[in-house]
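Student: Construct all of the structure, not just a fragment, from the sequences and the given hints.
Protein chains: 4
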Amino acid sequence: MSNECRVTVWNEGRHEKQHAAVAKVYPNGLHTVIADGLRAHGFAQVGTAVLDEPEHGLSQAVLDQTDVLLWWGHMAHGDVQDAIVDRVYKRVLDGMGLVVLHSGHFSKIFKRLMGTSCDLKWREHEKENERLWVVAPAHPIAAGLPQSIDLEHEEMYGEHFDIPTPDELVLVSWFKGGEVFRSGCCWQRGRGRIFYFRPGHETFPTYFNDQVRKVIANGVRWAAPVNAAAPVYGNHKPIEALD
Amino acid sequence: MSNECRVTVWNEGRHEKQHAAVAKVYPNGLHTVIADGLRAHGFAQVGTAVLDEPEHGLSQAVLDQTDVLLWWGHMAHGDVQDAIVDRVYKRVLDGMGLVVLHSGHFSKIFKRLMGTSCDLKWREHEKENERLWVVAPAHPIAAGLPQSIDLEHEEMYGEHFDIPTPDELVLVSWFKGGEVFRSGCCWQRGRGRIFYFRPGHETFPTYFNDQVRKVIANGVRWAAPVNAAAPVYGNHKPIEALD
Amino acid sequence: MSNECRVTVWNEGRHEKQHAAVAKVYPNGLHTVIADGLRAHGFAQVGTAVLDEPEHGLSQAVLDQTDVLLWWGHMAHGDVQDAIVDRVYKRVLDGMGLVVLHSGHFSKIFKRLMGTSCDLKWREHEKENERLWVVAPAHPIAAGLPQSIDLEHEEMYGEHFDIPTPDELVLVSWFKGGEVFRSGCCWQRGRGRIFYFRPGHETFPTYFNDQVRKVIANGVRWAAPVNAAAPVYGNHKPIEALD
Amino acid sequence: MSNECRVTVWNEGRHEKQHAAVAKVYPNGLHTVIADGLRAHGFAQVGTAVLDEPEHGLSQAVLDQTDVLLWWGHMAHGDVQDAIVDRVYKRVLDGMGLVVLHSGHFSKIFKRLMGTSCDLKWREHEKENERLWVVAPAHPIAAGLPQSIDLEHEEMYGEHFDIPTPDELVLVSWFKGGEVFRSGCCWQRGRGRIFYFRPGHETFPTYFNDQVRKVIANGVRWAAPVNAAAPVYGNHKPIEALD
Numbered sequence: 001m002s003n004e005c006r007v008t009v010w011n012e013g014r015h016e017k018q019h020a021a022v023a024k025v026y027p028n029g030l031h032t033v034i035a036d037g038l039r040a041h042g043f044a045q046v047g048t049a050v051l052d053e054p055e056h057g058l059s060q061a062v063l064d065q066t067d068v069l070l071w072w073g074h075m076a077h078g079d080v081q082d083a084i085v086d087r088v089y090k091r092v093l094d095g096m097g098l099v100v101l102h103s104g105h106f107s108k109i110f111k112r113l114m115g116t117s118c119d120l121k122w123r124e125h126e127k128e129n130e131r132l133w134v135v136a137p138a139h140p141i142a143a144g145l146p147q148s149i150d151l152e153h154e155e156m157y158g159e160h161f162d163i164p165t166p167d168e169l170v171l172v173s174w175f176k177g178g179e180v181f182r183s184g185c186c187w188q189r190g191r192g193r194i195f196y197f198r199p200g201h202e203t204f205p206t207y208f209n210d211q212v213r214k215v216i217a218n219g220v221r222w223a224a225p226v227n228a229a230a231p232v233y234g235n236h237k238p239i240e241a242l243d
Numbered sequence: 001m002s003n004e005c006r007v008t009v010w011n012e013g014r015h016e017k018q019h020a021a022v023a024k025v026y027p028n029g030l031h032t033v034i035a036d037g038l039r040a041h042g043f044a045q046v047g048t049a050v051l052d053e054p055e056h057g058l059s060q061a062v063l064d065q066t067d068v069l070l071w072w073g074h075m076a077h078g079d080v081q082d083a084i085v086d087r088v089y090k091r092v093l094d095g096m097g098l099v100v101l102h103s104g105h106f107s108k109i110f111k112r113l114m115g116t117s118c119d120l121k122w123r124e125h126e127k128e129n130e131r132l133w134v135v136a137p138a139h140p141i142a143a144g145l146p147q148s149i150d151l152e153h154e155e156m157y158g159e160h161f162d163i164p165t166p167d168e169l170v171l172v173s174w175f176k177g178g179e180v181f182r183s184g185c186c187w188q189r190g191r192g193r194i195f196y197f198r199p200g201h202e203t204f205p206t207y208f209n210d211q212v213r214k215v216i217a218n219g220v221r222w223a224a225p226v227n228a229a230a231p232v233y234g235n236h237k238p239i240e241a242l243d
Numbered sequence: 001m002s003n004e005c006r007v008t009v010w011n012e013g014r015h016e017k018q019h020a021a022v023a024k025v026y027p028n029g030l031h032t033v034i035a036d037g038l039r040a041h042g043f044a045q046v047g048t049a050v051l052d053e054p055e056h057g058l059s060q061a062v063l064d065q066t067d068v069l070l071w072w073g074h075m076a077h078g079d080v081q082d083a084i085v086d087r088v089y090k091r092v093l094d095g096m097g098l099v100v101l102h103s104g105h106f107s108k109i110f111k112r113l114m115g116t117s118c119d120l121k122w123r124e125h126e127k128e129n130e131r132l133w134v135v136a137p138a139h140p141i142a143a144g145l146p147q148s149i150d151l152e153h154e155e156m157y158g159e160h161f162d163i164p165t166p167d168e169l170v171l172v173s174w175f176k177g178g179e180v181f182r183s184g185c186c187w188q189r190g191r192g193r194i195f196y197f198r199p200g201h202e203t204f205p206t207y208f209n210d211q212v213r214k215v216i217a218n219g220v221r222w223a224a225p226v227n228a229a230a231p232v233y234g235n236h237k238p239i240e241a242l243d
Numbered sequence: 001m002s003n004e005c006r007v008t009v010w011n012e013g014r015h016e017k018q019h020a021a022v023a024k025v026y027p028n029g030l031h032t033v034i035a036d037g038l039r040a041h042g043f044a045q046v047g048t049a050v051l052d053e054p055e056h057g058l059s060q061a062v063l064d065q066t067d068v069l070l071w072w073g074h075m076a077h078g079d080v081q082d083a084i085v086d087r088v089y090k091r092v093l094d095g096m097g098l099v100v101l102h103s104g105h106f107s108k109i110f111k112r113l114m115g116t117s118c119d120l121k122w123r124e125h126e127k128e129n130e131r132l133w134v135v136a137p138a139h140p141i142a143a144g145l146p147q148s149i150d151l152e153h154e155e156m157y158g159e160h161f162d163i164p165t166p167d168e169l170v171l172v173s174w175f176k177g178g179e180v181f182r183s184g185c186c187w188q189r190g191r192g193r194i195f196y197f198r199p200g201h202e203t204f205p206t207y208f209n210d211q212v213r214k215v216i217a218n219g220v221r222w223a224a225p226v227n228a229a230a231p232v233y234g235n236h237k238p239i240e241a242l243d
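Residue numbers (this note's numbering), protein chains in the order written: chain H, 1 to 243; chain E, 1 to 243; chain S, 1 to 243; chain Y, 1 to 243.
Source of the hints: derived by calculation from the structure; they are not laboratory data.
Check each hint, because a few of them may be wrong.
[Claimed, not checked] Dumping the calculated DSSO-like pairs for lysine-lysine here, alpha-carbon to alpha-carbon at most 30 Å: (1) Y:K127 to S:K237; (2) H:K237 to S:K127; (3) H:K127 to Y:K127; (4) E:K111 to E:K237; (5) H:K90 to S:K214; (6) H:K214 to S:K237; (7) E:K237 to H:K17; (8) Y:K108 to Y:K214.
Tutor: Following this line, the structure appears as structure tokens:
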């Protein structure tokens with residue numbers, strides 16, 4: 001199944017150019033490391049796209065051939081053109097999976113699909129560490145995971161996370177400084193499936209972590225299109241005689 | 001509790017002016033009949049507002065003093081100003097309840113809060129009738145209801161209804177012509193609570209029906225603000241020492 | 001994936017022996033036709049078991065080698081031994097999928113996993129027909145389905161269906177006589193996944209219907225074990241130093 | 001509303017008799033302090049019952065006049081008679097609210113209503129502390145609460161908590177030692193409403209804490225009976241003519 005799934009990893013790609021601390025960890029961009037992780041977990045068709053490409057690398061042709069799109073953005077959410085956001089939005093409602101990573105919680109596309117502010121608490125601290133607990137061990141995104149995942153260094157995100165109640169909650173994070181966070185959340189919108197996964201601050205090597213990669217790979221598999229019939233809307237004749 | 005709850009019934013109010021068939025059933029507007037229904041069920045503070053008033057009758061002052069807003073619209077969704085939609089949206093996330101009625105499924109405010117197209121099937125047919133079944137008899141919106149409610153004449157709305165999975169599903173409709181519909185749906189967004197209730201086509205006396213009125217009154221009570229602490233977002237110091 | 005999934009179809013198998021009308025439609029038992037349907041949809045390892053076999057055909061060895069168990073029962077729920085129910089129950093919590101069909105709603109195993117009475121309304125009528133609507137077109141159990149499925153003759157099941165709120169609701173049935181029913185329902189219990197699917201009265205050829213077979217095959221795929229780590233319970237040492 | 005709600009606080013009541021450390025904190029039993037907390041929050045009709053009374057203090061007459069039952073048990077779950085558990089179970093399905101506290105997670109009544117093992121991780125450590133975060137600030141059980149509640153000393157309960165997915169998740173706990181827990185969980189079963197609330201170890205003065213008392217009072221209000229029509233089950237005539 002992973003072989004057939006066409007994945008596009010989208011990355012803003014600005015931090016890597018502007019901040020040495022980020023370029024040091026991700027010299028070729030976060031997207032290349034995320035894509036490598038998917039390939040390491042069996043995905044054969046993985047492309048990438050970044051903000052500064054024409055149409056942000058997300059032409060209609062690219063989206064039409066994408067089964068699952070991953071989204072990492074942070075400092076330049078406002079630079080994403082509304083027309084491209086519309087295009088992605090329509091593809092999600094039409095069945096394309098979407099996996100939103102870390103600071104992508106504030107992207108235009110995520111906020112539009114959620115209908116809320118998607119705000120949260122955050123903190124950067126050198127001594128912080130994160131533990132992600134599996135709260136739904138029967139969920140496909142937990143496949144092959146241990147009971148919890150430890151990340152030695154991560155940015156903290158804390159509740160309240162202003163999202164709609166997830167259809168399914170898979171992971172809850174503990175942070176040393178005293179906070180918790182719903183870190184692995186699933187929703188359905190139209191015919192599309194959306195997975196939000198918290199970790200992935202740009203200054204930490206999180207996307208090299210094999211357990212993190214496994215969660216993302218599981219999330220992509222879970223979000224892959226289902227191919228039910230497209231619902232027909234509008235004026236509808238009765239099937240039963242009404243007289 | 002109903003006595004303290006400040007309710008505003010918003011109505012587009014255009015059909016009543018333009019279509020004799022509507023004016024005949026609702027000569028003073030749908031909003032007046034909906035408001036009467038709430039008063040009959042114990043609400044003491046019920047105001048109304050319509051599209052053609054200044055600021056659509058929804059000034060910041062009005063919204064600030066509204067605990068629960070009801071919304072009926074249909075032919076003029078596009079005429080609702082985006083700035084007013086923004087204002088309502090912010091109030092909902094901040095705790096104001098919202099009860100969306102019938103064709104309000106296509107209103108700007110509902111689509112924004114849902115993050116989906118909110119599309120559906122529909123049919124007007126003189127012989128159609130609707131039966132709403134309670135599927136959640138432990139839910140406060142089912143309080144005092146029989147097992148099902150019969151409406152002799154109603155417009156049909158059919159699945160698929162393109163909404164996020166409701167947090168709680170209270171009522172499912174049966175239509176004579178062969179369709180079903182999730183007719184009573186609850187969501188939480190931010191600190192606000194949203195109830196969608198299907199019936200209420202403008203040419204039928206649905207809002208005079210006492211069981212319909214009971215559902216709406218229950219929905220308003222359910223959607224009333226909870227008054228938990230407003231979450232604080234942004235940079236957050238550790239409560240535990242991190243060294 | 002279907003090739004690797006080991007399926008056991010359990011059937012009470014009493015109606016077929018006692019009622020000519022059932023034997024005429026299912027001369028070799030409901031289980032053989034359900035199993036054929038799974039094979040037709042790509043499952044290579046499909047076994048069967050019936051009530052009147054030793055241990056009801058559900059020895060520990062059989063269950064240990066079963067990834068997903070299907071359950072059809074009706075007139076002899078009380079004859080299922082409690083020790084076998086315990087055995088199945090433990091396997092479900094430990095990860096085995098369970099697909100409960102039609103009158104299996106009243107089986108001991110389903111009631112135990114649900115924690116409710118699982119009661120409902122029902123009616124047999126020669127003129128009844130059923131239409132199942134997909135309400136979650138992004139769900140894997142809707143894969144390859146049209147917007148709705150028509151069954152010309154079926155027994156009616158009507159709400160209220162006394163189940164816990166499904167984690168996911170995929171199908172809602174319409175019946176000609178005026179009822180609706182939550183016909184395709186998903187739950188997680190422990191590490192196991194449970195799908196209830198309504199149709200399948202013993203006097204109708206429902207399990208020969210290819211769309212019904214597709215739903216069941218999708219349900220089995222959905223319910224297959226996930227293989228997350230088995231949670232460890234009990235006394236637990238701190239990972240962080242507590243001094 | 002609180003005035004009209006008839007509450008019964010049930011307590012096992014054995015620790016208080018056998019362990020000096022418990023008797024010191026709760027000399028008159030946990031139930032008396034929990035009941036005092038409810039009275040302090042506006043409940044006028046609060047009774048108590050303990051295991052060692054005849055019928056465990058839960059005669060049919062007592063249950064018939066109880067709107068919401070609270071349940072604290074730990075060391076003597078096995079001593080609760082099955083016939084009394086049946087009686088409570090039927091009352092819950094028929095509409096009585098149930099609030100299960102702390103170690104009540106392993107009570108017969110909770111396990112029966114959940115359909116799972118209800119197992120979890122735990123730890124007693126003098127340096128442990130707990131912070132409960134509100135993750136659903138639009139939920140009535142969060143009414144009047146701050147963003148989080150701190151408890152200086154509590155027993156740890158950690159995930160995985162083997163419960164069905166809560167219909168609504170209100171509170172998530174952080175523990176200093178590295179764990180998280182779904183601490184405020186809501187379900188509907190039949191016409192009854194169930195709230196599980198984690199804190200309340202018998203050696204700590206948790207039930208004197210006013211914020212804890214507020215959560216419990218909110219939970220009781222939330223769980224109070226709704227009084228929808230009792231569903232009728234069984235053979236059901238068509239409402240529509242079927243010929």
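Student: Which of the listed hints are broken here?
Tutor: 4
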